[in-house]
Structures are given as structure tokens and as C-alpha cells.
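Trainee: So the chains spell out like this:
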Amino acid sequence: MKSVRGLLGWEATILALVVLALLGGALLSPDFLTASNLSFLTANFSEIALMALTMTLIIIVAEIDLSVASILGLASALLGTLWAAHVPMPLAILLTFLAGGLAGLLNGLLVTRLGLPSLAVTIGTLALYRGLAYALLGDRAIADFPPFYTNLGFGTVPGTAIPIPMALFAVLAVLTAVLLHATAFGRRLYAIGANSMAARFAGVQVERIKLLLFVMSGLMAALAGIVYTFRFSSARGDNGTGLELGVIAAVLLGGVSIFGGRGSVVGAVAAVFLIGIINGALTIVDVSNEILTIVTGLLLIGSVLVPNLLARLRAARERRAVRPVGDAVS
Amino acid sequence: MTASPSEVPASAARANPVQQLLRARELSLVLLLAVLMGVTTAINPRFLSVGSVRDLLLNVAIIGLVVVGQTVVLLMRHVDLSVSSVVGLSAFLSGALFVAQPSLPLPLALLFGLLLGAVAGTINGLLVAYGRVPALVATLGTLYVYRGADYAIVHGGQINAANLPPSFLNFATGSVLGVPNLVLLVLLVMVGFAVYLGSYRGGREYYAIGSNQEAAVLAGIRVQRRTLTGFVLSGAIAGLAGVLYLARYGTVDASAGSGLELQVIAAAVVGGVSINGGVGTIAGAGIGALLLGVIGSALVTLRAPAFYQQAIQGALLLLAISVDIVLSRRTARRLQGGPK
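Residue numbers (our numbering), protein chains in the order written: chain Y, 116 to 445; chain W, 15 to 354.
Read the hints as simulated data drawn from the structure, not as lab findings. Since the structure is predicted, the reported quantities are computational estimates derived from the model, not experimental observations. Where is the CB? At the ideal position from N, CA and C, for every residue including glycine. Take the hints with a grain of salt, since some may be wrong.
Example chain Y residues on the side facing chain W (calculated, C-beta under 8 Å, incomplete) [as the list claims (entries may be wrong)]:
#	residue
1	Leu229
2	Gly230
3	Pro232
4	Leu234
5	Gly239
6	Ala242
7	Phe374
8	Gly376
9	Leu425
10	Leu428
Per label pair, the in silico range of CB-to-CB distance [unchecked claim]:
#	chain 1	residue 1	chain 2	residue 2	range
11	Y	Asp146	W	Ser272	26 to 34 Å
12	W	Val190	Y	Asp401	45 to 53 Å
13	W	Asn226	Y	Ala317	23 to 31 Å
14	Y	Ala299	W	Val53	51 to 59 Å
15	W	Arg344	Y	Thr356	36 to 44 Å
16	W	Val190	Y	Thr356	34 to 42 Å
17	W	Ser66	Y	Thr356	24 to 32 Å
18	Y	Ala131	W	Arg239	33 to 41 Å
19	Y	Val272	W	Gln238	50 to 58 Å
Using the sequences and the hints given, assemble the complete structure.
Mentor: Given below as C-alpha cells:
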């Protein structure tokens with residue numbers, strides 16, 4: 116119960132920081148809080164936001180998936196290749212999802228069947244899937260996608276300023292939140308993350324659930340790849356290179372513990388928005404990318420360090436308050 | 015509870031199968047290496063020409079150096095993702111130093127890289143050991159911070175070979191008895207660390223911490239201080255590697271070394287360093303780096319399309335760790351079943 120309250124505290128902090136970042140952005144530039152700017156800004160991190168949802172689930176069961184950005188690149192390259200080969204778009208999209216699911220399945224099988232650490236497995240598949248993406252397209256780019264689909268990438272929901280990828284993200288975020296926080300399945304994820312041995316003894320099918328999560332992660336990365344391709348109207352083998360660290364940074368900043376068993380979808384989503392909004396706010400006043408990189412890093416470290424230090428201060432104060440009583444007793 | 019002398023040989027005998035296993039592990043990697051080189055040479059004899067072996071060793075040297083520090087950190091069941099950023103920062107700043115002081119002696123440049131890396135490593139170590147930030151989070155954070163600092167300092171600039179004193183560039187290409195200086199220096203560091211980790215109390219403590227941290231505390235090991243020094247060593251070595259990176263490539267911009275962290279961890283894992291701590295040797299890690307380098311250069315020699323190379327390397331990495339875990343599990347089962 117205590118940990119739940121602590122967690123809500125962290126989420127409240129992140130949400131407050133989001134509001135502060137928005138206000139800060141508004142102070143920096145009158146153009147910041149306009150619908151078109153916010154729309155542009157949120158569209159900019161839609162891929163990271165999507166992948167952060169499944170990454171949250173995977174980190175809660177104390178695993179990690181470093182290969183997501185490579186699956187994104189592979190999905191993008193495959194979609195472009197299929198389209199260039201005159202495969203009808205709906206079928207091409209379907210096959211791209213299939214490839215993403217298979218990529219996730221391979222990760223999951225290596226982790227659950229062979230019992231390999233996911234960090235090592237997904238470093239390997241990070242190279243493998245990126246290599247396959249290059250094998251498909253080399254350094255070519257495929258760009259002539261039909262306007263209907265590219266509009267899905269950079270258009271907005273009719274009548275609003277909400278980018279279509281963000282609307283998609285909102286739906287998936289709600290689904291993920293319900294899955295994690297309101298179903299027996301979600302409770303099992305926490306149980307696995309807290310103590311996988313105990314969860315196994317309690318009858319949770321740990322391996323099957325982990326396998327499913329890696330497949331879900333692969334499917335989500337494929338979706339992110341499709342969104343990326345349409346948003347930039349460009350399929351390339353190197354699309355999304357390096358995004359995996361951004362996804363993980365956002366999830367950890369959102370209060371999801373790297374050791375598993377702790378975290379929430381709200382926290383992860385808030386953190387994605389926090390990083391995105393700070394980046395957008397600083398970009399609008401021409402703060403360079405280098406400062407953005409440093410800010411992201413400091414936020415990530417601070418998100419764990421500050422609560423740790425506060426907890427230690429509190430503990431020290433309590434010890435000091437208790438000591439005289441203890442002395443009197445002894 | 016006093017250890018009688020008769021117990022000493024018994025415990026030594028008990029340690030033997032493990033040592034044999036480790037030896038077998040490195041042996042199997044060396045065999046794999048030999049087969050790979052044999053097949054490649056059979057197809058294209060130029061693979062073993064003096065020039066291409068030299069290039070191969072020079073290419074492996076940087077990863078081979080950084081993996082030494084990473085091994086120390088991995089042994090403690092931590093990880094240092096920030097090494098790539100430290101390499102980049104050190105490469106550019108030492109280049110800038112040469113631009114400002116063209117007459118700078120080489121040892122001072124190496125010392126500068128070491129110190130710069132040590133400072134970066136100290137920050138990592140303080141965060142992990144005293145701030146209790148998980149190493150993955152702390153070093154992912156500093157990966158961003160150090161790289162961001164690198165970009166801010168470089169500001170779109172670039173160091174070219176033309177900016178560097180010829181004596182410095184000659185150091186990388188020069189050689190003693192046919193072995194490039196760069197490779198000799200890296201070998202020296204490797205041997206030093208191999209001896210330290212294998213035979214000295216301080217070195218053994220890294221293994222102890224990674225095997226069982228609570229037991230290490232009970233055994234009187236100052237875990238926090240040891241953790242800090244591990245990260246300082248990893249940072250210092252990455253800083254040194256940055257100077258060598260500059261010497262090797264001559265041209266350096268802000269993105270130098272990007273993505274290196276995954277290659278380094280891959281080399282360590284292939285070389286049998288466990289990411290679960292407590293297991294691995296410098297020799298294994300070095301052979302792992304060499305194996306990845308040989309695979310890369312064999313693919314080039316065999317004219318594998320450039321775009322397939324990364325996929326093949328990834329697949330081989332997966333194969334290596336899969337075979338390793340299956341073999342080690344079989345050995346563990348045999349050892350358990352042994353006394354019965």
C-alpha cells in the first residue's frame with residue numbers, strides 16, 4: 116500500500132513537471148501553446164510513445180527489449196520493399212505486422228526457452244534486425260507512398276489538432292493501462308517482476324506470459340515502424356536508429372523500476388510527454404540538441420537519485436528522532 | 015572451524031573443474047577463431063596477409079581495450095553503457111588539446127584521456143555505489159549527458175589529421191617488431207588487468223561482489239568503495255581508448271564512438287563474461303572482441319554484401335551466447351551429478 120502511495124506521488128510529480136514544462140514553454144514563446152505547435156510537437160514523439168507502452172510491461176516483468184528500434188527499422192524497410200514490389204498496401208501492412216510479431220517471437224523464444232538474459236538476446240537481435248533492414252533496402256529510400264496512407268502519418272483527426280498517430284496512441288495507452296491495472300493478467304506481471312520464482316509456485320505461467328510480452332513488443336515496434344514510414348513518407352533501413360534508449364529512458368523516468376515489479380502506464384506516458392514537451396519547448400527557443408540530450412540524461416538519473424536521497428534523509432531523520440527513546444530503554 | 019591444511023588441496027580440487035570449464039570455454043573460442051580464419055584464408059588467401067592482419071588488429075584494439083573496463087564492471091553484476099560517450103568525448107578533447115598545444119608529448123595526451131575518463135567514471139561510480147541508482151539507469155543517463163556535453167563542446171566542429179602533430183599519428187601506425195604500437199599498448203593493459211583480476215586480492219573482490227554481494231559484505235569487502243573503483247577503472251580505460259581512437263582514425267567529430275557500448279558488451283558476452291556477474295576473464299573478453307573483429311573482416315574479405323554484414327554478426331552473436339548457455343548448463347548438470 117505504501118509503495119502504491121509512493122508511486123502515485125512520483126506520478127503526480129511527473130504530471131506536475133509536465134504542466135510546468137507547458138507553462139515554461141508558453142513563457143518562452145507565445146507560439147508554444149498553440150494547437151498547431153502542440154500538434155506538431157506531440158506527433159514528433161509518437162513512435163517513442165507507442166513503444167514505451169509495451170516496454171513498460173516488459174520492464175515490469177524485469178526483462179528488457181533493446182531491439183525495438185531495429186524492429187521499427189525492419190518494419191519500415193519491409194513495408195517499403197513490399198510497396199515497391201506492388202503488393203497492395205493493406206496486405207503489405209499485414210505482412211509488416213507479421214514480421215514484427217515474428218521478430219518479437221524470436222526474442223521471446225530465446226529468452227524463455229533457452230533461458231538467456233534478455234539484455235544479451237536483444238543486443239544480438241538489435242544487430243540482426245537492423246542488418247535485415249539494411250539487407251532489404253541497403254541505402255535506398257522508398258518514398259512514393261499513396262497520399263491516403265501518408266496522411267494517416269502526418270494528418271490530424273478531422274476537426275481537431277490531434278495528430279492521427281497520437282489518437283492511435285491514446286487508444287492503445289488506455290487499453291494497456293486497463294490490461295496492466297485492471298486485469299488478472301496485469302497483476303500477474305507485477306507478481307513475475309516482484310519474484311518470478313514465487314509467481315511460478317503460485318501457478319503463474321511465467322514463460323508463456325513473457326513470450327507473449329515479447330511478441331506484443333514486436334507488434335508494437337512494427338506499428339511504430341509503419342507510423343514512422345508514413346509520417347516521414349520514407350522507408351529506410353536506418354529509420355529509428357538509436358530510439359531504443361529514448362524509449363527505455365522514458366519508461367524508467369516514469370517510475371518503472373528496472374528491477375521489475377513496480378511502475379504504471381500513467382507514469383510512463385507522463386514521462387514520454389515530459390521529455391517530448393521539454394524537447395519541444397527548448398527547440399522553439401533554439402536551444403540546441405546537445406542541451407536536450409543532457410537534460411534527458413539528467414532527468415533520467417534524477418528520477419531515481421532524488422527519491423533515493425530523499426528516502427535516505429527521511430530515514431536518517433527518523434533514526435535521530437527515535438534514538439533518545441531507544442537509549443532510555445536500554 | 016580452523017581450516018586444516020588437508021582442506022586446502024580439497025578446495026583446490028573442487029575449484030579445478032570450474033577452472034577447466036573456463037579454460038575449455040576460451041579454448042572453444044580459440045578453435046572457433048581458428049576454423050573461421052582457416053576457412054576464410056582457404057577461400058581468399060589474402061585474408062592472412064600481413065597488411066590485412068595488421069588492419070584487423072588495429073580495428074579490434076579499441077573495442078579490445080574498452081572491453082577490459084567493461085569486464086570489471088560486468089563482473090560486479092553492473093554494466094557501463096556510457097563508455098561510448100566517454101570514448102567520443104575523450105577523442106575530441108584530446109584532439110582539441112593537440113590543436114592548442116601541438117608540441118604536447120604523447121604520454122601527457124594519454125594521461126589526459128585517462129584522467130578525463132576517470133572523472134566520468136567517478137560520476138558513474140558515485141551514482142551507482144552511493145546514490146544507489148541501478149547501473150543501467152545511471153550509465154544510460156550519463157551516456158546522454160556525456161554525449162550531450164561532447165556535442166556542446168564540439169559544436170559542429172571536427173578534428174582532422176591535418177590538425178594533429180605527425181608524431182602522434184605515427185604512434186598509431188608505428189610498430190615494434192611488426193606489432194603496431196597501438197596493439198602493444200592494448201595488450202599491455204589487458205595483461206595487467208588479467209593478472210590483477212586473477213591473482214590480487216582487489217581483483218578477486220570484483221568476482222566476489224558479482225557472485226554474491228551479501229556474502230561479499232559479510233566477508234568484509236568494502237562493496238561500495240570497490241564498486242566505485244570499478245566504474246573509475248572502466249571510465250579511465252574508455253578515456254584512454256578515446257585518445258587511441260583519435261590516433262587511429264585521425265578524423266573525429268562529435269559522434270565518434272556512438273553505439274560502441276553495444277559492441278563492447280557483445281564482445282564481453284561472446285567471450286564468456288556473464289552479465290549476471292561473477293564469471294569471466296580478460297582473456298575471454300579479449301578473444302570475444304577478436305572473434306567479432308575477425309567475423310567482420312572475414313565478411314569483408316569474402317565479399318559478403320556490406321548490408322548483410324550486420325545481420326550476420328547479430329546472428330552469430332546470438333548463436334555464440336545460445337551455445338554457451340546450453341553447454342554451461344550441461345556442464346553444471348554433470349558437475350552436480352558427479353559425486354553421486
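Trainee: Would you pick out the hints that fail for this structure and give their numbers low to high?
Mentor: Hint check: 8, 9 and 10 fail, others pass.
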